[in-house]
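S.K.: Sequence:
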Amino acid sequence: EEEEEGAGAAPDFVSFASSCTLHGLSHIFAEGSLGARQALWALAFLLCLSLFLYQVADRIAYYLQYHHLTLLREEGSPQMTFPAVTFCNTNPARLSQLSRRDLLYLGPLLDYEPGMELGFTPAQPGPGGEEEPLDLWGFFNRTCHQLEDMLLSCSYRGQRCGPGDFVAVFTRYGKCYTFNAGQDGKPRLISMKGGTGNGLEIMLDIQQDEYLPVWGETDETSFEAGIKVQIHSQDEPPLIDQLGFGVAPGSQPFVSCQEQRVGTWGGGSGMLPPTPRCGTPNPIPIPPRRVERGTQPWGPPHHLLTSLSPRPDFLVEKDNEYCVCEMPCNVTRYGKELSMVKIPSKASAKYLAKKYNKSEQYIG
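Going by the UniProt record's numbering, 111 is the number at position 111 of the sequence shown; the sequence numbering is gapless.
A portion of the hints provided could be inaccurate.
Taking lysine-lysine pairs in the BS3-like style, the calculated list, with each CA pair at most 25 Å apart, reads [as the list claims (entries may be wrong)]: (1) Lys358 to Lys342; (2) Lys355 to Lys342; (3) Lys358 to Lys193; (4) Lys336 to Lys355; (5) Lys346 to Lys336.
Label-pair restraints from in silico Cβ distances [as the list claims (entries may be wrong)]: (6) Gln183 to Val56: 25 to 35 Å; (7) Leu136 to Ser222: 14 to 24 Å; (8) Tyr66 to Gln258: 26 to 36 Å; (9) Ser222 to Tyr54: 55 to 65 Å; (10) Ser345 to His67: 49 to 59 Å; (11) Phe254 to Gly162: 16 to 26 Å; (12) Gln183 to Ser155: 17 to 27 Å; (13) Ser251 to Ser359: 18 to 28 Å; (14) Gly216 to Pro122: 13 to 23 Å; (15) Ser251 to Lys355: 16 to 26 Å; (16) Ser153 to Gln65: 48 to 58 Å; (17) Ala168 to Glu201: 13 to 23 Å.
Think of the hints as simulated: they come from the structure by calculation, not from any bench. Glycine residues also receive a C-beta, built at the ideal position from the N, C-alpha and C atoms.
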């Protein structure tokens, strides 16, 4: 009976193959014994099937790579929004504004220990300053270089500008200043064309005689003198410690920039929502207001930093491995070309010293 069932199944499969529309199958499964013709058809069929499956797998793998096409288009515009320009003095605090109480709190950050030679006369604390808890915002606002003292001259498109055209912003360098921030109800400035005389021109005194002495090497120790500058969009805060470029004292840089806008194909708008794997696992929104003073004991800044969650340190060390942020849907960048010359020249040193009430040695 089993032999009869097997013999009946074979003709059924042969009849199925003969009526199948899959090309070549009817030539492989034919009545009779396996011959050379059937073997060649079987080999050709398997080869074609393998090529087909390889092509399908290759296209699926190509699709999963999410290739994209970048389209560049040049458009002429009679006017463009002038970017925001942020600069910071590389020295975080002025020497003349530091009291012994300030050094008590900032000493661990600067590798200063009580008993070390200061090399300068500490400032006297203000009225009631000894009893007041340390306010980091107030400290940096008081001790950082003030724009009114640093800004010697300022002009935008030939029109004079001043400290009122800048907005203070706090970064890792302390108190910094942003020109054309587009805040406080002020409109964003418009640029008609490029070239010298059509942008921002400023002259700064970095007040190098106010720089902090170096007592040791820490993450906050600075061996440089000068300013850090970042050109960025008004829609994003400055990340000047990573994206800024340096300007040395005694130099006049010429910076030309080209605005580059990157957007999604099809006109996507806005920014992509933050992914949980980028940053912290559970982002917590913080309202833009100052934290009220509580009853917890307070201490020096280094105690405050070490008492926080270790998550920031983890991110700093492991960002490249664990935090891969996606490209925003729309981003504005500024490509820069930078060149510089020395200032002052020997011929202008005497004039500039007289104009700004400084010695020729200081100006030079």
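S.K.: For every hint, state whether the structure bears it out.
M.R.: So, going through the hints one by one against the coordinates:
1. Lys358 to Lys342: Within the cut-off at roughly 18 Å; holds.
2. Lys355 to Lys342: holds (18 Å)
3. Lys358 to Lys193: Outside the cut-off at roughly 35 Å; violated.
4. Lys336 to Lys355: With a Cα-Cα distance of about 32 Å, the restraint between Lys336 and Lys355 is violated, given a limit of 25 Å.
5. Lys346 to Lys336: Outside the cut-off at roughly 29 Å; violated.
6. Gln183 to Val56: 25 to 35 Å: violated (56 Å)
7. Leu136 to Ser222: 14 to 24 Å: Given a distance of about 18 Å, which is inside 14 to 24 Å, the answer is holds.
8. Tyr66 to Gln258: 26 to 36 Å: holds (28 Å)
9. Ser222 to Tyr54: 55 to 65 Å: holds (59 Å)
10. Ser345 to His67: 49 to 59 Å: holds (54 Å)
11. Phe254 to Gly162: 16 to 26 Å: 22 Å Cβ-Cβ, so the 16 to 26 Å window holds.
12. Gln183 to Ser155: 17 to 27 Å: Cβ of Gln183 to Cβ of Ser155: about 21 Å, so the range 17 to 27 Å holds.
13. Ser251 to Ser359: 18 to 28 Å: Cβ of Ser251 to Cβ of Ser359: about 19 Å, so the range 18 to 28 Å holds.
14. Gly216 to Pro122: 13 to 23 Å: Cβ of Gly216 to Cβ of Pro122: about 19 Å, so the range 13 to 23 Å holds.
15. Ser251 to Lys355: 16 to 26 Å: holds (19 Å)
16. Ser153 to Gln65: 48 to 58 Å: Holds, at about 54 Å.
17. Ala168 to Glu201: 13 to 23 Å: Roughly 21 Å apart at Cβ, these two residues keep to the hinted range, so it holds.
When each numbered hint is compared with the structure, violations occur for hints 3, 4, 5, 6.
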